[in-house]
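Number of protein chains: 4
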Amino acid sequence: MYITTWEMDQDLGTGYHQRFLEWLKQAQTDDITVAGALTDAKGDRTKPPSQQEDKDVFLHVVEKRAGGIVVRGAKLMICGVAAANEIFVLPGTAYREEDADCAISFVIPRDIEGLTIVETRHPSDRRDEEDGVDNPVAEGGITQAFLLFEDVFIPNERIFMCGETKYTLPAVSNFIMPYRSAIGGCVAGQGDIKIGAAVLTARANGLSAKVFRDKITKMHINNETTYALGIAAAAKGRKHPSGAWLCDPLIANVNKVYVATLPYETSVLAQDIAGGIAETGCMPSYKDFQSTKYGHLIKKYMTAKYSAETRTRAARLVEWTTIGGGVPGCRAC
Amino acid sequence: MYITTWEMDQDLGTGYHQRFLEWLKQAQTDDITVAGALTDAKGDRTKPPSQQEDKDVFLHVVEKRAGGIVVRGAKLMICGVAAANEIFVLPGTAYREEDADCAISFVIPRDIEGLTIVETRHPSDRRDEEDGVDNPVAEGGITQAFLLFEDVFIPNERIFMCGETKYTLPAVSNFIMPYRSAIGGCVAGQGDIKIGAAVLTARANGLSAKVFRDKITKMHINNETTYALGIAAAAKGRKHPSGAWLCDPLIANVNKVYVATLPYETSVLAQDIAGGIAETGCMPSYKDFQSTKYGHLIKKYMTAKYSAETRTRAARLVEWTTIGGGVPGCRAC
Amino acid sequence: MYITTWEMDQDLGTGYHQRFLEWLKQAQTDDITVAGALTDAKGDRTKPPSQQEDKDVFLHVVEKRAGGIVVRGAKLMICGVAAANEIFVLPGTAYREEDADCAISFVIPRDIEGLTIVETRHPSDRRDEEDGVDNPVAEGGITQAFLLFEDVFIPNERIFMCGETKYTLPAVSNFIMPYRSAIGGCVAGQGDIKIGAAVLTARANGLSAKVFRDKITKMHINNETTYALGIAAAAKGRKHPSGAWLCDPLIANVNKVYVATLPYETSVLAQDIAGGIAETGCMPSYKDFQSTKYGHLIKKYMTAKYSAETRTRAARLVEWTTIGGGVPGCRAC
Amino acid sequence: MYITTWEMDQDLGTGYHQRFLEWLKQAQTDDITVAGALTDAKGDRTKPPSQQEDKDVFLHVVEKRAGGIVVRGAKLMICGVAAANEIFVLPGTAYREEDADCAISFVIPRDIEGLTIVETRHPSDRRDEEDGVDNPVAEGGITQAFLLFEDVFIPNERIFMCGETKYTLPAVSNFIMPYRSAIGGCVAGQGDIKIGAAVLTARANGLSAKVFRDKITKMHINNETTYALGIAAAAKGRKHPSGAWLCDPLIANVNKVYVATLPYETSVLAQDIAGGIAETGCMPSYKDFQSTKYGHLIKKYMTAKYSAETRTRAARLVEWTTIGGGVPGCRAC
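Chains as they are written, first to last, in my numbering: chain A, 1 to 333; chain B, 1 to 333; chain C, 1 to 333; chain D, 1 to 333.
Source of the hints: derived by calculation from the structure; they are not laboratory data.
Only part of the chain A face toward chain B is listed, based on derived beta-carbon distances under 8 Å:
no., residue
1, Thr46
2, Thr116
3, Val118
4, Thr120
5, Arg121
6, His122
7, Leu148
8, Val268
9, Thr280
10, Ile298
11, Thr303
12, Ile323
13, Gly329
Glycine included, C-beta positions come from ideal geometry on N, C-alpha and C.
Work the whole structure out from these sequences, hints included.
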């Protein structure tokens, strides 16, 4: 919102930018963690807010008071809320004049009155928790939340947009462009883990990584592509008068296309290298491994070049990053 | 084994084919279900059985008696055992003379003495079981088993190969070629379900399937490709003197390549059409849906053009076929 | 037209089918070669014939006489005319009632009064003719013609459709479906030549084909795919009441997509294996090879494992099939 | 050679760098054009120079004199020689000690005694020259030459490497890395021309560019990818102690892979949009267009939404960039 509030101040003298800067300084002083909340429930995807049967499917102002506003609605699939001190709410999309009630941005503490946070499930979550081989991730892990706003009061000093529909498109765009650039590095890092886990599984099977050289090269290419396009979007960016740096939107958007496709190709290659266990996620349960009756047999037959445990942990990591909880949501960005 | 036992009878006068036919007729008369077991534990993948530290990683004969043989080892990742009356064991690969003990084929009842069957887990299995929206699959579902043979006695009349290493390559090949042809139709059918589930999710979101026309066309193309290559492998096949039909091996092998790649591309397209929920499998739990405190809010915000339940069921089906238990193991075939 | 004229006879009692059969029998007796002419000039692609500024851009009837019709217009990009005894003209697309004048089909001798045939050029044609290394193709080669009809009289006994617009769509479709099936074999054959020429060039360079195994495998896969889909479209076809065999339209259309893409990928692989000379088509002229001053130097430096002549001929064949006159027109089919 | 000569001076005190700088300053003062010559004839690709039957297939020193060296051999496929004042010769690959005679670098005027330059042909070159629609390129155009060195004397002050085999790998690498980065922008520019020419042809046919939106987007993505990876390789580079900038080799090498594949995909898309004429390069000759007998008919039937001339020129440009003389040699780089 840095750029958007700066522009609103320049154009309209709203004072949002000054307010935003004050909050930002305090946030940096207190060294707090902030989650960004963008996506509304959206209801019928073909209709704008004002034509929705249930007006609440877009987060909106239901009451204006002297000291602030009251908002109702929801923000869905919000990452990192469980680990955040505060939640920064952005308009979910560009709005027209008739939907001015939805053109809102503000920041709130996570435990604000009237906000219910429901963490979603993710693939194989119960299995991850119970499975002995994955103990190290018993605490922490993936979080993605539904934020349910039941008439939450936002005080004025926490509001950075309220009805200025003209600025919703830039606000979203200023958020998306660096996001589409930066996520290239994020999925590249995940891709590097896929390479490591796949190669480890192959070695545990007794196979040299050389056998898979072409596939590993292709995985590296995929990783470096999304990373490098993010770098290029930044390098070809420009300084905004507010002092912020704007990524090149064309390259950022090209990166979105790759981020939405290459990680899935990399996953298929990781499964290909790791073999059937990782591909289908089918393997005996940890409980079976521990069985006094036949656990020793499972360990015996899961052993290859390396131990059953090494193979299982490696294959589970490939599974986790390719069809499990670690699959990134890259296509919605 | 039809062709292989026929050839062994022709060449060596083993009597295996006659024995096989007798079993086959009885199996057809009794209308039993049979699971095929091919894959050994394999141990260190770079070594043949005779050089493995643990000889048992390939199923092999440990004792020959007058009335039969005793076998030890394991067959892993075997589908359909839970629903089968009998299990048909094949040699897992081509063997050389020094590994003649592993060149075995036989058929056994599932509850034979000395055989332990351990069903594997699969992605999101616990979630599938507990999750209210998937209740219809509470019984049945995916099965894939580890078969652990602890000195199992196989009577002579159930043995179709025992030491004839020269026939192990044809036996495996005669199994694989029709398999690689037929699996094209299998994944095409799964692909059709992906199309249906993805389009249903899109419609529930309020979006017309027309928006995704190019993607749906690509999914159809992928499905028809593996299906048509299977048909072509059969059409260009030839009749073996035993009476069996042999698929064209070149086309069957080309189909293997597509079966190992196109379904994954189709999955990505399905997720792309269905959107973020299906892509990451992240959505509130069934328990949260039922909450008396905020369950109504989750339903409210999950509602789009169609109800929250419809969307959730549709998205879960996309998830199940693309990153869940329904993912086929296509690359090992 | 076999099926279409049969249906017209069944529905309308036109007598076209009987007439067609008589021509067909005579054509078979005389063992003549026939070129099929489908594509009209089409003018502005967004307009039907009746709205075109120049009515002649679709071949049409300009006069009806007792003994026949007079037609004007053009058929463009028609293959094989130079080697044909007769030309079989089909409606170029489906027409509506107001464009009934264009709904015509007939067969004519190539030297009919009023027809001008202009052969088109093709890539590197002059070079092919002059270049000493390609002497064997001095006669023959690629032909693709513009047929210009300036008020050509077609006698009744040579007409198989004249105004029956309802049958234009089936006529085109009955032509296209077997075409889309059969062209899969055509481009597969060309693809096999690309493999051979590329491998020959590599060997002439001193490189083993093993180095390129993955690329050659991919080329084979591409070739077999279009071939097998054609086979499958036929195998899943059905017998039409007229006695003709109808290909499965879904599989035939899937093949169209592959035929429009895979040969180009195969070409890139062929160039990749053959190296820079084949990729860019840049090499000294035959005249330079013959130079008494420096021709010996060119031969000296073009020599690798095999002679300069072998390398040049092989590379020229790769060039010819990938960026030269041998490039098939696959996307318009 | 800037970095390599600097390092040789640092390590060996050769004085090459000082010599190189003096030449460079003069070259800049005189504002001359320089062509770089890298690729040797190479003979049997599996053998190093010392094992070649004909030693001359790698350019090498045949005599050392007080004032300089005499070299024999060839440099092939050298671009831009026709327009260059001087030719800068680099070692063609990394050499071992036994091939020290080949470890040479020097710069020469184009008209030096003993050097024969033979320009190669390129696809459709004769056609380009004669074809009336392409008259504007009658002068200039593509050049790629064979440089034949018959005992050419190189004076000492023009030599920058002579026998220092250890520096041949860095010399080649320092050339290749910025090349692989920069060529991304080169083929992106060609790709933009393909888009423009394809869209122009489509419009001339009467079709809106909207119809091809997905294909044009894909073309843009391809162009921006090679361009952005070049930018990223530079942005992630580092300053060498000599003052030169070194590109990131990993990203530069990833770009090589894209440069060797994406332009060919872009070409296929351009042909797809432009249609059959551009795909096959088949169209009437300019001479036919001028025919007093039927030239008016060709123009009449080549006319679509726009004139025959516009369509022909546009289609020829697509042809030229996709299967003609404008095809870049991207895979050898």
